[in-house]
Amino acid sequence: MGSIKIIERTEIKCSPEFVFDYTQDYKQRLIWDTFLKKADLLEGAKTAGKGIKAYCVAKNGLGMVTEYVSFNRPRATAIKMTKGPFIFKSFSGSWTYKEIQPDLTEVIFLYSFQLRVPFILAKRLVKRNLQSNIRQRLKDLKENIEGEKRRHLLVR
2 MGSIKIIERT EIKCSPEFVF DYTQDYKQRL IWDTFLKKAD LLEGAKTAGK
52 GIKAYCVAKN GLGMVTEYVS FNRPRATAIK MTKGPFIFKS FSGSWTYKEI
102 QPDLTEVIFL YSFQLRVPFI LAKRLVKRNL QSNIRQRLKD LKENIEGEKR
152 RHLLVR
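Sequential numbering of the sequence shown, starting at 2, is according to my numbering.
I should point out that these hints are in silico values taken from the structure, not numbers from a laboratory.
Owing to the predicted nature of the structure, the values given are computational and were not obtained by experimental measurement.
Hints may be right or wrong, so weigh each one.
[What the hints assert, rightly or not] Cut-off 30 Å, straight-line C-alpha distance, at most; resulting in silico cross-link-like pairs (BS3-like, lysine-lysine):
hint, residue 1, residue 2
1, 124, 81
2, 6, 124
3, 39, 128
4, 90, 124
5, 51, 38
6, 60, 6
7, 14, 60
8, 81, 54
9, 140, 38
10, 81, 47
11, 28, 54
12, 14, 84
13, 38, 81
14, 143, 6
15, 90, 128
16, 39, 81
17, 84, 128
18, 47, 84
19, 39, 6
20, 51, 6
21, 128, 140
22, 140, 51
23, 124, 47
24, 38, 54
25, 143, 54
26, 128, 38
27, 140, 39
28, 39, 14
29, 28, 38
30, 128, 60
31, 128, 81
32, 60, 81
33, 90, 60
34, 38, 99
Please build the complete structure, drawing on both the sequences and the hints.
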């Protein structure tokens, strides 16, 4: 069985540098990422980067250790699962940040995964659930960043 891919995107009124830094700052992660209840860098790492491992736990209780396989600020970052829920045979994800015009960034979120037997039987359900989660994460990210920018403008 081949990999299942999910791609979702949104546009955020902000620079790619800001969006990249905001999404990869684990001190800020739980502020905007409502899918997660825990997000920590491992092995004493203070910042994300290529080769760094992270442990994230979804609100449904499933946890996953990932390793950054790419970290190309401000264009893209990618992770692969090194340890995770038994349901997944493999799992990887990436964020891509494309400047559409000054202060407007397209954020593209990609998941690619394979399911173990017998979970293959539920692939449509798993895909639909993950796709819904990605859409919500992107919506929350957009609302947090654009709301934060509005708050800063009002304070000035």
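How the hints compare with the structure:
1. 124 to 81: Judged against 30 Å, a Cα distance of about 19 Å means the pair holds.
2. 6 to 124: 11 Å, holds
3. 39 to 128: 22 Å, holds
4. 90 to 124: Holds, at about 12 Å.
5. 51 to 38: Roughly 23 Å between the alpha carbons, so the hint for residue 51 and residue 38 holds.
6. 60 to 6: 22 Å, holds
7. 14 to 60: 28 Å, holds
8. 81 to 54: Holds, because 9 Å separates the two Cα atoms, which is no more than 30 Å.
9. 140 to 38: Given pair residue 140, residue 38 holds - Cα atoms ~17 Å apart, limit 30 Å.
10. 81 to 47: This hinted pair holds, its Cα atoms lying about 19 Å apart.
11. 28 to 54: Roughly 15 Å separates the two Cα atoms, so the pair holds.
12. 14 to 84: Measuring from Cα to Cα gives roughly 35 Å; hence the hint is violated.
13. 38 to 81: The hint holds at about 20 Å.
14. 143 to 6: 22 Å, holds
15. 90 to 128: Within the cut-off at roughly 14 Å; holds.
16. 39 to 81: Judged against 30 Å, a Cα distance of about 18 Å means the pair holds.
17. 84 to 128: 20 Å, holds
18. 47 to 84: The hint holds at about 21 Å.
19. 39 to 6: Distance ~24 Å between residue 39 and residue 6 Cα, so the pair holds.
20. 51 to 6: Given that 30 Å is the threshold and the Cα spacing comes to 22 Å, the pair holds.
21. 128 to 140: 18 Å, holds
22. 140 to 51: Answer holds: residue 140 to residue 51 is near 26 Å, not above 30 Å.
23. 124 to 47: With Cα atoms ~36 Å apart, residue 124 and residue 47 exceed 30 Å; violated.
24. 38 to 54: 17 Å, holds
25. 143 to 54: Distance ~25 Å between residue 143 and residue 54 Cα, so the pair holds.
26. 128 to 38: Within the cut-off at roughly 21 Å; holds.
27. 140 to 39: Distance ~19 Å between residue 140 and residue 39 Cα, so the pair holds.
28. 39 to 14: 27 Å, holds
29. 28 to 38: Roughly 13 Å between the alpha carbons, so the hint for residue 28 and residue 38 holds.
30. 128 to 60: Distance ~17 Å between residue 128 and residue 60 Cα, so the pair holds.
31. 128 to 81: 18 Å, holds
32. 60 to 81: Given that 30 Å is the threshold and the Cα spacing comes to 20 Å, the pair holds.
33. 90 to 60: Roughly 21 Å between the alpha carbons, so the hint for residue 90 and residue 60 holds.
34. 38 to 99: 28 Å, holds
Of the numbered hints given earlier, the model fails hints 12 and 23; all others are met.
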